[in-house]
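Trainee: Same order as they appear, the protein sequences are chains X and C.
Under the numbering used here, read the first sequence as residues 1 to 116, first letter to last.
Under the numbering used here, read the second sequence as residues 1 to 111, first letter to last.
Check each hint, because a few of them may be wrong.
Stated by the list, open to error - To spell it out: a stretch of chain C is covered by chain X in this simulated footprint if at least three of its residues, at any positions, have a beta carbon under 8 Å from a beta carbon of chain X; those stretches are:
1. 41-47
2. 98-111
Unchecked claim - Derived pair list, reagent style BS3-like, types lysine-lysine, alpha-carbon separation capped at 27 Å:
3. X/65 x C/98
4. X/7 x X/65
5. C/98 x C/58
6. C/108 x C/49
7. C/58 x C/69
8. C/98 x X/7
Unchecked claim - Here chain C is said to cover these stretches of chain X; the calculated rule only asks that three of the stretch's residues, wherever they fall, bring their Cβ under 8 Å from a Cβ of chain C:
9. 37-43
10. 104-116
Because the hints were derived from the structure by calculation, they are not lab data.
Each residue gets a CB set at the ideal place from its N, CA and C atoms; glycine is no exception.
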Amino acid sequence: SAVISQKPSRDICQRGTSLTIQCQVDSQVTMMFWYRQQPGQSLTLIATANQGSEATYESGFVIDKFPISRPNLTFSTLTVSNMSPEDSSIYLCSVDGTSGRGNEQYFGPGTRLTVT
Amino acid sequence: AQSVTQLDSQVPVFEEAPVELRCNYSSSVSVYLFWYVQYPNQGLQLLLKYLSGSTLVKGINGFEAEFNKSQTSFHLRKPSVHISDTAEYFCAVGGTYKYIFGTGTRLKVLA
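Could you put the whole structure together from the sequences, leaning on the hints where they help?
Mentor: If you want it as structure tokens, here you go:
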């Protein structure tokens with residue numbers, strides 16, 4: 001298994017500003033994932049981040065709004081840019097359990113973002 | 001395309017009673033199925049997973065799930081729930097690293 005930490009755990013931000021969320025893993029992993037969980041809803045994948053390459057974004061998410069960095073095999077950041085109240089969500093990072101298919105993902109505790 | 005449907009948004013149940021949380025999926029390829037639990041203000045924790053083999057899968061905390069290919073279901077069960085099982089439960093289908101989550105079922109265990 002992997003132990004994942006996220007910073008900050010929560011934040012309240014004003015519209016129009018940006019917030020960078022950090023995700024740290026206690027072991028080297030190939031793939032890291034960023035999810036959004038809007039209030040009362042399920043998880044939606046934002047993007048997949050591999051070290052040394054551009055992140056792959058899902059439909060409806062763009063790099064200008066959610067830039068991602070992956071400088072090494074244990075760390076990633078997600079920035080929520082030019083925030084609006086609709087961005088109020090829990091943002092979670094996760095990693096794949098092993099290099100094989102179909103293995104579980106391990107999740108961080110999440111960052112609870114409120115935009116006012 | 002893959003999709004997951006959790007039929008119940010909320011399930012109230014009395015302590016020590018059995019519970020079943022329903023999950024149906026659709027997929028045109030072989031699937032891997034998961035149940036995750038999310039306690040208040042926490043991240044997701046894996047309860048159990050089905051990759052292949054026996055259709056009855058046992059997980060942590062006394063939970064089990066049965067993969068039914070003909071009914072495309074992966075229902076989660078526990079014979080006797082505890083107050084501490086109160087949480088949000090998510091069914092997910094995965095493959096090739098990409099996971100699709102259901103909308104979640106809030107299990108509330110009543111004293």
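Trainee: State for each hint whether it applies.
Mentor: Each hint, compared with the structure:
Figure legend: the stretch 41-47 of chain C, annotated as covered by chain X; annotation consistent (6 residues with Cβ-Cβ distances under 8 Å, at least 3 required). With 6 residues having a beta carbon nearer than 8 Å to a beta carbon of chain X, the stretch 98-111 of chain C meets the requirement of three or more and the stated coverage holds. Our distance criterion of 27 Å between C-alpha atoms is met by residue 65 of chain X and residue 98 of chain C, whose separation comes to about 21 Å. A hinted pair counts as satisfied when its Cα atoms are at most 27 Å apart, and residue 7 of chain X with residue 65 of chain X qualifies at roughly 19 Å.
For the suggested pair residue 98 of chain C and residue 58 of chain C, the alpha carbons sit about 23 Å apart, so the restraint of at most 27 Å is met. For the proposed pair residue 108 of chain C and residue 49 of chain C, the alpha carbon gap of about 23 Å is at most 27 Å, so the pair holds. Distance check on the hinted pair: residue 58 of chain C and residue 69 of chain C sit about 17 Å apart at the alpha-carbon level, within 27 Å; holds. Only pairs whose Cα atoms come within 27 Å are accepted, and residue 98 of chain C paired with residue 7 of chain X is accepted, the gap being roughly 24 Å.
Remark: the stretch 37-43 of chain X is confirmed as covered by chain C, as 3 of its residues place a Cβ nearer than 8 Å to a Cβ of that chain, reaching the required three. Figure legend: the stretch 104-116 of chain X, annotated as covered by chain C; annotation consistent (8 residues with Cβ-Cβ distances under 8 Å, at least 3 required).
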